[in-house]
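Listed here are the chains, written in short residue letters.
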Amino acid sequence: DQQVKQNSPSLSVQEGRISILNCDYTNSMFDYFLWYKKYPAEGPTFLISISSIKDKNEDGRFTVFLNKSAKHLSLHIVPSQPGDSAVYFCAASAGQFYFGTGTSLTVIP
Amino acid sequence: DVKVTQSSRYLVKRTGEKVFLECVQDMDHENMFWYRQDPGLGLRLIYFSYDVKMKEKGDIPEGYSVSREKKERFSLILESASTNQTSMYLCASKTGVTRTYNEQFFGPGTRLTVL
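Protein sequences, first through last, are from chains X and S.
If you want the numbering used here, it's the 1-based position in the first sequence plus 908.
If you want the numbering used here, it's the 1-based position in the second sequence plus 114.
Treat the hints loosely; a few may be bogus.
Calculated cross-link-like contacts (lysine to any residue; reagent style SDA-like; alpha-carbon spacing at most 25 angstroms) [to be verified]:
| id | chain 1 | residue 1 | chain 2 | residue 2 |
| --- | --- | --- | --- | --- |
| 1 | X | K964 | S | N216 |
| 2 | X | K945 | S | M202 |
| 3 | X | K964 | X | P1017 |
Keep in mind that the hints were calculated from the coordinates and are not lab data.
If we strip away everything but chain S, and leave its shape as in the complex, we get (with noise of 0.2 angstroms):
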């Protein structure tokens, strides 16, 4: 089975601080993505990695950045944390060209508060 972790469940920042969100799947996956989850939202897509080093803005990119150095592993940057990223932050991968019709696995999520 595939498995998609992330580094917490629970984190709690202050505003202005630098936050680093982990994802790490094992199932050699080309794609990775970021969204976050708010109430009424549904999921956004914040950033998305076809390859090791591309990325590509999703719908919400403002104040993230990533990092993909190794194929395994996507990591979402908050610079500047704001307590409007207060949210759930969920990774996700998948295989193949990003057309294949196949469907994205989820890790279990990040709950962050920004205080």
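The following block holds chain X by itself, in its conformation from the complex (with noise of 0.2 angstroms):
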């Protein structure tokens, strides 16, 4: 049973226009949220997390807000770059990571 979810499989954006990508679970012990960006043939590589203490937690073009009574992720990158084109991962944390299926972000110039 998947215990974090990313129903969106692809999305694409302009360059300069904000992305949002989405996240959900289920498992209400999850204390800590990360996002993780892949690009083909290679790991994936940790971008942002945050843990259940806040609500919103930024790094330049990106912010991941955290809605816990939604059971909700989200990250924003603004302005997206035809660099920032990936597939996107979140996870989720009560010690072992539970990932999402992963979102394919493509940013149009």
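Each chain sits in its own coordinate frame; assemble them with the hints.
Okay, here's the thing in structure tokens:
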């Protein structure tokens, strides 16, 4: 049973616009959430994280929002750049990490 | 920077062969992990290790075993490879005890094809 879900397999956005990637989880014990970025033929690289005591964390163009009551996590990328085109995985942890199925983001120049 | 290396980027094996996938990390991390990535299924945890000679089953350990004889090296073993084990295999490492709030660092992956 998938405890972390990314319901959008793909997303296309124009360069300069905002990209919003969404993630839902089912386990209320998760207390740490992460986003990873993956290029083809490479391993995932860590992007940004948030603990459950916060509802927002920002790092440059990347912001992660956490809505615990809705068990929902989102990643905002502003402004989107062509180099952001990759597969994005969200992950949640209560010790062991659980990953979503990924969303493939394409930023169109 | 943390570096996690995997012995092969691409591997082709035949059904029934014994397969070894090696992973080495250079940052003295206590925790190491093996995942497989399949389309539509994301990353699924096969096994992990939080110390030398220690191992724990993940979500899909069937058909796999692991070995951690040294802190920096974590091996995944397919005792008798089957076609349903064709996948991308990713190794990761992480510092601290399991509950510490920090990220995993991934290797580049091994694309295994079993014919």
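Structure-based check of all given hints:
Straight-line distance between C-alpha atoms of X:K964 and S:N216 comes to about 17 angstroms, which keeps the hinted pair within the 25 angstroms bound. A C-alpha spacing of about 16 angstroms is found between X:K945 and S:M202, which places the hinted pair at or below 25 angstroms, so the restraint holds. The suggested pairing of X:K964 with X:P1017 is violated, with an alpha-carbon distance near 29 angstroms, which exceeds 25 angstroms.
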